[in-house]
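There are 2 protein chains.
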Amino acid sequence: MLTIRELQNIVSRNISNIDFDKEPLGLYEPISYTMKTGGKRIRPALCLAGCNIFSDDVTPAYPIASAFEIFHNFTLLHDDIMDNSPIRRNKETVHIKWNSNTAILSGDAMMIKSYELLSDLSPELLKVILPLFNKTALQVCEGQQYDMDFENKDDVSEAEYLNMIKLKTSVLIAASLKAGAVCGGASEYDADLLYEFGLNTGLAFQLKDDLLDVYGNTALFGKKTGNDIITGKKTFLLINALQISDNKTYMILKDTVKSNEIRNEDKIKIVTQIYDKLQIKELTLNKIKEFHIKALQSLKAVSVDEARKSELYEFVSKLEEREK
Amino acid sequence: MLTIRELQNIVSRNISNIDFDKEPLGLYEPISYTMKTGGKRIRPALCLAGCNIFSDDVTPAYPIASAFEIFHNFTLLHDDIMDNSPIRRNKETVHIKWNSNTAILSGDAMMIKSYELLSDLSPELLKVILPLFNKTALQVCEGQQYDMDFENKDDVSEAEYLNMIKLKTSVLIAASLKAGAVCGGASEYDADLLYEFGLNTGLAFQLKDDLLDVYGNTALFGKKTGNDIITGKKTFLLINALQISDNKTYMILKDTVKSNEIRNEDKIKIVTQIYDKLQIKELTLNKIKEFHIKALQSLKAVSVDEARKSELYEFVSKLEEREK
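Residue numbers (this note's numbering), protein chains in the order written: chain P, 1 to 324; chain U, 1 to 324.
These aren't lab readings, by the way, just hints derived from the structure by calculation. One should not assume that every hint holds.
Heads up, the list lumps identical chains together, so a pair's fine if it works in one copy or across two of them.
What the hints assert, rightly or not - Below, computed lysine-lysine pairings styled on DSBU-like, alpha-carbon distance capped at 35 Å:
#1 K166 - K135
#2 K153 - K300
#3 K254 - K289
#4 K267 - K300
#5 K281 - K166
#6 K91 - K135
#7 K97 - K153
#8 K22 - K289
#9 K127 - K36
#10 K22 - K318
#11 K254 - K22
#12 K287 - K22
#13 K258 - K22
#14 K40 - K135
#15 K22 - K233
Excised from the complex, chain P in its bound form (with noise of 0.2 Å):
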């Protein structure tokens, strides 16, 4: 069994191999400069970690394990242009140091790229993963119109919020443990199982995102805490104290993460004051024990002995206390 660090840079490795050194530079000097400013990988590494569960031998997943990657990496150069995002990993996004054309152009290549390497699967597998890769990747195209849709939308509920989420973040999560299980040769049962652990895990995940931006330790967090609420993100938090508020208290959270005249400071000030009297600190972490819970049983369920997911039940503690 593999650690998942150890899995990590596996794929690191395998993705450097990738030659995107061609011509035209214009389309492949941004590919190669997005896929080495890294990222924590965590997608692939899933995936093999997904395929480790079932076989020792996890090279039938690299293929796919690189594909998920790079479809995420495209996924980010189009939502920065979308979000007009200056900075991703402490470097300048691709539409900034280059421009919007390129960003989309070079994005389009790299989605290819992923396809490219699923054609190296072989035809059994790709029967059942290309199907999955697609519909995944039609999910996250969804949840990205759903993010920029609730932009505009006064009354984004808990589930839409939830759903949300899960189509831009989680099924491409779920999406690589499944994958990796299929590689590893197993039953389509357990490979659902990987599949909702991973969409739990997911969840979680982006819940405690939500939970970090606002009560995150500064100096570990790696950047300014209150981001969303100066932003007016509609994220799990405010969407629920929105939700359980009085009128009064409704209107000043409403009013304060719309204001342009609230000095930013104080906006964080007074909804964190809010989210403290509401409780939404303690209602966001009783949901992520809820998703995780859930992820735990599932993995339970996998019908192989309890040693050979212990990396992913490491992985999943390690999510869970994580404060940044």
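Following the hints, complete the assembly by docking chain U onto the known chain P.
Leaving out everything else, chain U in the frame of chain P:
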């Protein structure tokens, strides 16, 4: 044997049967809008024609034919953003009717949809067609990149230009034919001949476009001639005119197409007079003829009865005669 017209109708019906009325509407409505505006369905019709040469049953090629058409339309969505084009097929482009973000994301979803159609192919067909589709898709991106690069490049050679239009336009036509042939049970050798046929037909088609933009009958052409001259586009005509002109004419050409002071009508007049003097029309027609001859040689070499190729012969002959 079905006529190209009949095949176009089959394709249109197949595409109209694909369900794009889904949530989130912000993602799927622009796709439905794009696919309903039609276009000539040339690529998928050629795909089915490529199949029909080898088999009376063209149904195995249905998914890949639709996939090529949706992929082609995805490239139009993204190209129209990059080229800032307001109108396509007499209707507002998606990035104008909605916005750039919508055109990016709906385009992404269209590319995925095209791969979703591919996953309906049998494993044997998929094994051949997925790598072909991937390679072609990447080449189309490369062609678009070269096209954008050429806008700021002073000295584009004829060879570079032909390579660009080959990538941007011809390979998709070529791959459509080849994929169709593969679905029809063609040998690899015959399928490659149809690829060559498509490649040269596509090149001839694009050069004819360049030619008609200057020498087309405005009433027939449907859009005003001279647009490439006004925008200073580096077409086959301009590149060759610059190549063979003496120093003085070279400077006049350069200055005229770059000028912000010369009125558009005068630009067209000056450049067309130079083209006439240099016999650029004849030179271009010769090159088109050359590509047509190569295309017909490939088609002739395909090892099926000549009668089965009649639709493709007819198609090429119509393209050669077209005045719009």
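Exercise for the section: Measure nothing new, just compare the shortest in-copy and cross-copy C-alpha distances for K22 and K318 to 35 Å and report within, between, both or neither. Expected result: So K22 and K318 fail the 35 Å test inside a copy (39 Å) and across (38 Å) alike.
Problem - Within, between, both or neither, where K22 and K233 count as close if Cα-Cα is 35 Å or less - result: Answer is between: at 26 Å across copies they meet the 35 Å cutoff, but 40 Å inside does not.
Exercise for the section: Classify it for me, K40 with K135: is the Cα-Cα distance of at most 35 Å met within a copy, between copies, both or neither? Expected result: Close inside one copy (24 Å) and across copies (29 Å); limit 35 Å.
Handout entry: Within, between, both or neither: K267, K300 at alpha-carbon 35 Å
Key = For K267 and K300, the Cα distance exceeds 35 Å both inside one copy (43 Å) and across copies (75 Å).
Handout entry: Within, between, both or neither, where K127 and K36 count as close if Cα-Cα is 35 Å or less
Key = both (31 Å within a copy, 30 Å between copies)
Practice task
Give the relationship of K287 and K22 under a CA distance limit of 35 Å: within one copy only, between copies only, both, or neither.
Solution key: between (47 Å within a copy, 30 Å between copies)
Problem - Alpha-carbon proximity between K22 and K289, which holds within one copy, between copies, both or neither at 35 Å - result: Result: close only across copies, 33 Å inter versus 47 Å intra.
Handout entry: Same-copy or cross-copy closeness of K254 to K22 [CA-CA at most 35 Å]
Key = between (51 Å within a copy, 31 Å between copies)
Problem - Alpha-carbon proximity context of K153 and K300, limit 35 Å - result: For K153 and K300, the Cα distance exceeds 35 Å both inside one copy (39 Å) and across copies (61 Å).
Exercise for the section: Classify it for me, K281 with K166: is the Cα-Cα distance of at most 35 Å met within a copy, between copies, both or neither? Expected result: within (21 Å within a copy, 58 Å between copies)
Exercise for the section: With 35 Å as the alpha-carbon cut-off, assign the pair K97 and K153 to within, between, both or neither. Expected result: both (32 Å within a copy, 20 Å between copies)
Exercise for the section: Have a look at K254 and K289 and pick one of within, between, both or neither, based on CA distance no larger than 35 Å. Expected result: Answer is within: at 28 Å inside a copy they meet the 35 Å cutoff, but 69 Å across does not.
When held up to the earlier numbered hints, the structure conflicts with 2, 4, 10 and fits the remainder.
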